[in-house]
Amino acid sequence: MTPQPAHATPSVSLTTEQLSLGYGSSLIVDQVSTSLPAGRITAIVGPNGCGKSTLLRGLARLLSPQHGRVLLDGTELTEMPARTLARTLGLLPQQPLAPDGITVADLVGRGRHPHQRWFRQWSAEDEQAVAAALAATGVDQLAESPIDELSGGQRQRVWIALALAQNPDIMLLDEPTTFLDLAHQIEVLDLLASLNHRLGRTIVLVLHDLNMASRYAHHLVAMRAGTLVTAGPPSEVITPEVVRDVFGVEATVITDPVAGTPLVLPHRSVDIEAAR
Amino acid sequence: MSSPVRRGPTRDTLLVAPRGTPVSFRISRSSVLLTVLTGMAAVAVATASLVLGVYPISASDALTIVGGGGTLIEREVVLGDRLPRALTGLGVGAAFALSGAILQRIAANPLVSPDIIGINSGAAMGALTVLLIVGGSGLQLVFGALAGAILAALMIVLIAYRRGLHGFRLVLVGIGVAAMLSSAISYLLTRSDIHRAMSAAAWLTGSLANRSGLHVTIILIALAATVPVLIAMSRHLRLLELGDDLTRTLTGTGQGRKVLLLLIAVVLAAMATAAAGPIGFVALVAPQITRRILAERQVGLAPSAAVGALLVVSADLAGRSIFAPAEMPVGVLTAILGAPVLLYLLARAHRIGAAG
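First to last, the sequence lines map onto chains A and B.
Going by the working numbering, the first sequence opens with residue 50, and the numbers climb by one from there.
Going by the working numbering, the second sequence opens with residue 13, and the numbers climb by one from there.
Hints are supplied without guarantee of correctness; some may be wrong.
A few chain B residues that face chain A, going by a derived Cβ cut-off under 10 Å, partial list only [stated by the list, open to error]:
| # | residue |
| --- | --- |
| 1 | Ser36 |
| 2 | Arg38 |
| 3 | Ser42 |
| 4 | Gly51 |
| 5 | Arg117 |
| 6 | Arg247 |
| 7 | Thr259 |
| 8 | Thr261 |
| 9 | Ile301 |
| 10 | Arg303 |
Some chain A residues flagged as far from chain B (calculated, every beta-carbon gap over 10 Å) [to be verified]:
| # | residue |
| --- | --- |
| 11 | Val61 |
| 12 | Pro114 |
| 13 | Glu285 |
| 14 | Asp294 |
Worth flagging that the hints you see were computed from the coordinates, not collected in a lab.
Cβ atoms here follow ideal geometry from the backbone N, Cα and C, with glycine treated the same way.
For reference, chain B alone in the conformation it holds in the complex (with noise of 0.2 Å):
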């Protein structure tokens, strides 16, 4: 007890108990080990994809570029362009991430992400009657976003609950909503005009082209409103997997604390959708590559966090680079990674059923 570090019960664990205070800690060195080094990774892509691209900016140039040199070309190109586009993909990366980590955490199931059950649909289904309908643009789009995922969370909540919510029922009923959303979404694509509707299409499969300041604000916006509470909040994920029942009587309270961090899973959601598009399976798989990483399963939303931001900034680069001078979205990207993932988690659906 004299140290103020020391080992924990497994060779994993350090205690962090600093003498004559109350504070004491246990972290998980594999978990600050994994979220330093993606971090550090998805920085170190979003850095080189400020100089990699169709316009050729050599890395000295593009320090003078940030500092406030350069000609105007480049300026637009690294400031205007690529900058937001790292930025944006940074931050709904870890926003999609941390959301998938949520409710894969609430619903003791990792089917029940926000892009497998709807949520994604929901704001995108939100967002593009604004665009489509209303005819707005920008921050009328987000608040579309918002409100499309909240509808499509509560649509979920209300018909999936039976004396409470339960893993498996909230991924069939999720799907179902998602499916109907994607079709309702088709529906408002074959009713606008051809332009509208392809610039629509190529929205929704996730894209980070021509991002601007605005939507880097949406996502940091997003994070900073979330994050603090997430921090405040993580402990009570540990024991809502467990169950209901048990974490109300580990707690002694009710259900307040899970209808807070579902809200902060959809607003998530839903930003990251209004910034970027529903891009698909970086809620899935970055809290799962994370999860199987780690043996000690702490909570895991940092960690999480940084697997998704490097998932996203990563597959952004890549689908810019090998098909350049022509773009693939960064959504089909994702899914070329996701969709073996999911396959595999269906294979085992028998087992998460039973655990759900």
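Next up, chain A with everything else stripped away, as it sits in the complex (with noise of 0.2 Å):
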């Protein structure tokens, strides 16, 4: 099974303009203005409870701006109708429930739910979406495995197949690395990046480890204490100044080895209160 061409035209972008989000009367996210690049991938990286995850719950319309609004390809997102959206947009939340005792591939259909009618539950092209998908993330093997017998990396891959089988230009994931361990992370990176260069994906991730959002995205989107402080391409992001002002660590720069990406080495933390 070859996996699903690339769009034709895969450049779908979401672009914020001050876009403030929160629960009730707390403001989580303060303002922000940012574009994010059509058919890159993207990590929005900053300290715990800067409001990463939530600015990305914004962009995938489970919260609604208290202040400004999110564009994508120049539509506002709360204009757009529900099927439209469901189709463009993707996502795999932070700790994502996987009913008791599910399989593999039933788990993937699910993904299909906004291209499916009620007089058309279920059809030969949801099929070939779902092989598809579980072929593009290497776990068409485990297709009738439940997925509690799979490893943390395989079922992060299942749960990206799931977001795949929608069939989305744009996927958002939040933290998709945070649970695993090093092989696993790499493994589910790589998979990501594999996506975006072969099926043209957009990909906007939450990362914790700024070293790896500097390896494998295109465009760092820092934040801190719900405000933007810079974005752009890790090499230009990525310096002592900004890993200072948005981690409060000292730390030296250097380019990374293997990659050629900006590498942090860390000295230690600094009160960013007191030395501004």
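Take the two lone chains, each set in its own frame, and fit them into one complex as the hints suggest.
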């Protein structure tokens, strides 16, 4: 089974304009204006509680803006019809729920929902899309295995396959590597890089690890305390000054001898507020 | 692609796609088989229950009676007592099972059943309030049960809500609400006179004794009103158990369907309680049995309903045959069958907690 062909026009861009997000009266993301390049991998980085995941939820329309807006190819996200949105944006939540005992193929098949109708609940096309998603993520051999028997890395691949079966232009992933060991982190990030490269998907992910982010992402969005600090290619964004301002860590930045991307070598943490 | 029916990706599934139409479905053979066999077994047991009992009636006589013949007393026994009893049993079994299947799916937690989280207790509380305080009966009892169940559900949802509803919080809050309601029910019983309290207590275990056309009507209306909506919405149930975030990205919409499905589950449990009392464990056990039999995880509403119907009519027939001429209320029998399943699920609760 060959993977699904790349989209003829995969370039769907996401832009935020003075976007403020929060729960109730508390503001978590404050006036963020940025543009995420189409067809590339963007990593949102920043310390714990800086609003990374909240920003991602805003991009996925899981949270309505308290102020400002999110534009998808120039259309305001809140104005988009439900089905169009569901076919455009895919999501891997931080801790997705797998129903007890579900098989891999069955779970991935649920990603087909936006392409189905009441009278067309399952078609040959759905079957092909699921097979292609399983093949593209390398879990086709596990199709009939219950998901609780898989390793953490395999499980993340299956969730990515679900988002892929949905066939969205943009895939949003909330800390897809957080609970994985190093080998599985690389496995998942390599998979995302290949999906981006071969299938032209726009990928937006929240990452904790700055070095992984610089190695895999084409574009970084650095946040601190709910505001955007800087955004751009890793080689421009990752400087000792930015690392200190964003993470509160005194660091040396060298060139990664393996990937040629910036590599952060931390010295010690500093009190950012006092340093200002 | 030439044949309208072909094998799906697994041995169990069939793809049905009549040519020239946009219609295309995937059918699980084991699911259809389970529904048909269990449904037939339920109808068979219900039919047998027309014949079996203290007043003996032969199978051929039963046919004559249903066809309009027989003596006055035979007609009273079969049409006045056993037939409404069997029909109510089939209906409430299906309704409780559907309610349990929906709630367990929405919450992604098998312990979130109307009998565990206090929806049935809410319905019972409402019905008893009408029975013991207002002094009403019949239809008024139905409205009491509906109001009680909806209030209990609202209370559980409001207390458990914290940036969305999560399975394990629902279970804990629900058990608390159920405990609160059962003490309120005890209070109601102690306040009322002894005869009414006795009949109310019998009703509270869940019993199919002395059913009439009214009870059959109640449960049939409940099913007729909800089943078409469930057929239209069953595909959303498969998404809801993936959690709020994925449901919302895969549908592009908010929580509307979840609220409607929740309401349907509450109405089904309330109407079944109004028709036969809060029969325990059917809602918990029937969907779980179905789930474990079906390897391919379909939505499983139809097979669950069939299993629930079979459970209730069998338990009722056993309850009035084994102990004849005395009668054991159906709720006692379902509790004996269901309690071990509850224990098993509780023993696995650490995993459920992790998943919910």
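Status of each hint after checking the structure:
Annotation: B:Ser36 was flagged as interfacial toward chain A, and the flag holds, the nearest CB pair being 4 Å apart, inside 10 Å. Because the closest C-beta pair between B:Arg38 and chain A is about 3 Å apart, less than 10 Å, the hint holds. Of the supplied interface hints, the one on B:Ser42 is violated, with its beta-carbon coming no nearer than about 13 Å to a beta-carbon of chain A, more than 10 Å. Because the beta carbon of B:Gly51 sits about 22 Å from the nearest beta carbon in chain A, more than 10 Å, this interface hint is broken.
The beta carbon of B:Arg117 is positioned within 10 Å of a beta carbon in chain A (closest approach about 8 Å), and the interface hint is therefore held. The criterion of a C-beta within 10 Å of any C-beta in chain A is met by B:Arg247, whose closest approach is roughly 6 Å, and the hint holds. Below 10 Å, beta-carbon pairs count as interface contacts, and B:Thr259 has one with chain A at about 9 Å; its hint therefore holds. A least Cβ separation of about 4 Å between B:Thr261 and chain A falls short of the 10 Å threshold, and the interface hint therefore holds.
Because the smallest distance between the Cβ of B:Ile301 and any Cβ of chain A comes to about 14 Å, over 10 Å, the interface hint for this residue is violated. Residue-level restraint check for B:Arg303 holds (minimum Cβ-Cβ distance to chain A is 8 Å; threshold 10 Å). With a least beta-carbon separation of about 15 Å from chain B, A:Val61 lies farther than 10 Å from that chain, consistent with its non-interface assignment. Every beta carbon of chain B lies more than 10 Å from that of A:Pro114, the smallest distance being close to 15 Å; the non-interface claim holds.
With a cut of 10 Å on Cβ distances, A:Glu285 stays outside the contact zone with chain B, its closest approach being about 31 Å. In this structure A:Asp294 is separated from chain B by more than 10 Å, as the shortest Cβ-Cβ distance comes to about 30 Å.
The structure shown violates the earlier hints numbered 3, 4 and 9.
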